[in-house]
Every structure is written in structure tokens, then in C-alpha cells.
Amino acid sequence: MDNERRSLLKAAGAVTAVLVAGLLKPLTALAAWNKEAFGAKTPAAAMKGIGVADAAPSKDLVIDAPEIAENGAVVPIEIASAIAGTRSIAVLVDKNPFPLVGRFDFSGGALPFVKLNVKIGETSDVRVIAEAGGKHYVATKNIKVTIGGCGG
Amino acid sequence: MAAGPMKMRATALGGVTDIRVLMAHPMETGQRKGPDGKIVPPHFIQNLTVKVNGATVVEAQISQAVSRNPVFSFRVKGGTKGDKVEVSWYDNQGEANRTEATVA
Chain A
14 MDNERRSLLK AAGAVTAVLV AGLLKPLTAL AAWNKEAFGA KTPAAAMKGI
64 GVADAAPSKD LVIDAPEIAE NGAVVPIEIA SAIAGTRSIA VLVDKNPFPL
114 VGRFDFSGGA LPFVKLNVKI GETSDVRVIA EAGGKHYVAT KNIKVTIGGC
164 GG
Chain B
15 MAAGPMKMRA TALGGVTDIR VLMAHPMETG QRKGPDGKIV PPHFIQNLTV
65 KVNGATVVEA QISQAVSRNP VFSFRVKGGT KGDKVEVSWY DNQGEANRTE
115 ATVA
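Those sequence lines, one after another, are chains A and B.
Numbering of the first sequence is given in the numbering used here, commencing with residue 14 and proceeding in unit increments.
Numbering of the second sequence is given in the numbering used here, commencing with residue 15 and proceeding in unit increments.
The shape of chain A in the complex, shown without the other chains (with noise of 0.2 Å):
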């Protein structure tokens, strides 16, 4: 009886094993997500983690949002670069726990150019840095924020 019960939770065991190996493996297939840079707690940290060391201010790079943002879940950003040569549009929000939304890579015929929904946990600075030519470009926005946006 108790013989029977070791070789269930061993089998079991061996099922969750094989499931784990399963779900891990399209993860390691792709371009890797950059874990270093997403699980950096402050701005600094995160733009050190996707190489950014420092950036020139630019006005060719235009962030449309909302000034107050009435509901923190979902805040539209609108993000433009007129810098030739742009290669990539980082987006962060300082005061989040953790600072960096995301990173955008663009090749062929893209357009340096994204809109998206983001969360912002309270009043902040939006951060966005685009690459072009081996130079960083960076605009900030502030935006007001009357309710959070992690308390779902």
C-alpha cells in the first residue's frame, strides 16, 4: 500500500518535470527577454541594463499622453521620433516598481513610432529613449495620476 503510494508521487514528480522542460523550452527558442533591465528597480538600473549610458535631450522625440491621467490602469502613449536613423524606442515609467515598459526594435520599413496602454502606480515622469546612429535621445512627460494603476 505505502509502496504504491511512493511510486505515484514519484511518476507524478516525473509529469511536472517533463511539464516544467515543456513551457521553459519557446522561452530559450527566442530572442532572450532582457531580465536584467525589466527587474531593474530604478530608471538608472534599467537604462544601464538595456545600455544606455547617457542621452541627449532631443524635441524630435514627441510623447503624446494625457497631462492627468484619471485611471493609472490604462494610460495611452503615443510615441514619435523624427531622429534619423531611429533604431529603437525604450519606454520607461520612473516611479514604477519597476521602471521599464518595454523596448521596441524596428527594421525594415517600420516607423520609429508606437502607441500603447500602460500602467502607472503614481504621479511620474514618462521616460523615453530612442536609438539612432549609436546615440541615445531622451523626452520625459509628467503625468498625473488621480488613481493607481496596481491595484487592479
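Read the hints as simulated data drawn from the structure, not as lab findings.
Any given hint could turn out to be false.
Simulated restraints on C-beta separations [what the hints assert, rightly or not]:
| hint | chain 1 | residue 1 | chain 2 | residue 2 | range |
| --- | --- | --- | --- | --- | --- |
| 1 | A | A45 | B | K91 | 26 to 34 Å |
| 2 | A | P110 | B | A110 | 47 to 55 Å |
| 3 | B | K91 | A | I76 | 18 to 26 Å |
| 4 | B | V85 | A | I81 | 40 to 48 Å |
| 5 | B | R112 | A | K48 | 22 to 30 Å |
Each residue gets a CB set at the ideal place from its N, CA and C atoms; glycine is no exception.
Dock chain B against the given chain A, drawing on the hints supplied.
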């Protein structure tokens, strides 16, 4: 809530193709407590790829700070009616989905 279907629309206008895509996904941050008082484990899309006629145009890595049921807009130069646009994603729990649309 589990990850669900996607919707996409691609429109060619004035030499630019506008791609709008919606993904049904909970985008759990791992910071929120469920009704049982336990932390809801993080569950969010991490990788996003946009292809036009098979060629990658946007490759993105995103975090749990993207809102639930994410909506993205992208723009691609050129493009004519009938071009195939494909968007796919992978999340941190190994789920994946993809959708295709024809430029209108």
C-alpha cells in the same frame, strides 16, 4: 483570466501602413492580491514580433507594466493592399499566440 484571442487591423493610407493589434491577456503584475489574499503570480507577455510579408519589422520586449488586454499601434512605410501582416507573442508562462491580417 487566461490569455485569449487577438484582433488586428492593417490599413494602407498615404504611403504608410497602420497596424493596430489587440491581444486578450491578463498582464498580471505579480503585485496584486487575489480574493483569497494571496499574491496573483505574474503572467504577462514578454516578447512581441510584427512581420510584414514574412519580414520582421518590429521586435519588442515588454513588461508587466503594459495594460491588461494590450493594444499596440505600429506604422510601416509603404505597403499595399493584400500584404500579409503577422503578429505573434510569447509570455512568461510559456503561452504563445499569433494572428494574421491582410492590409486593407
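Could you work out which earlier hints the structure fails to respect and list their numbers in ascending sequence? Violated hints: 2 and 4; rest satisfied.
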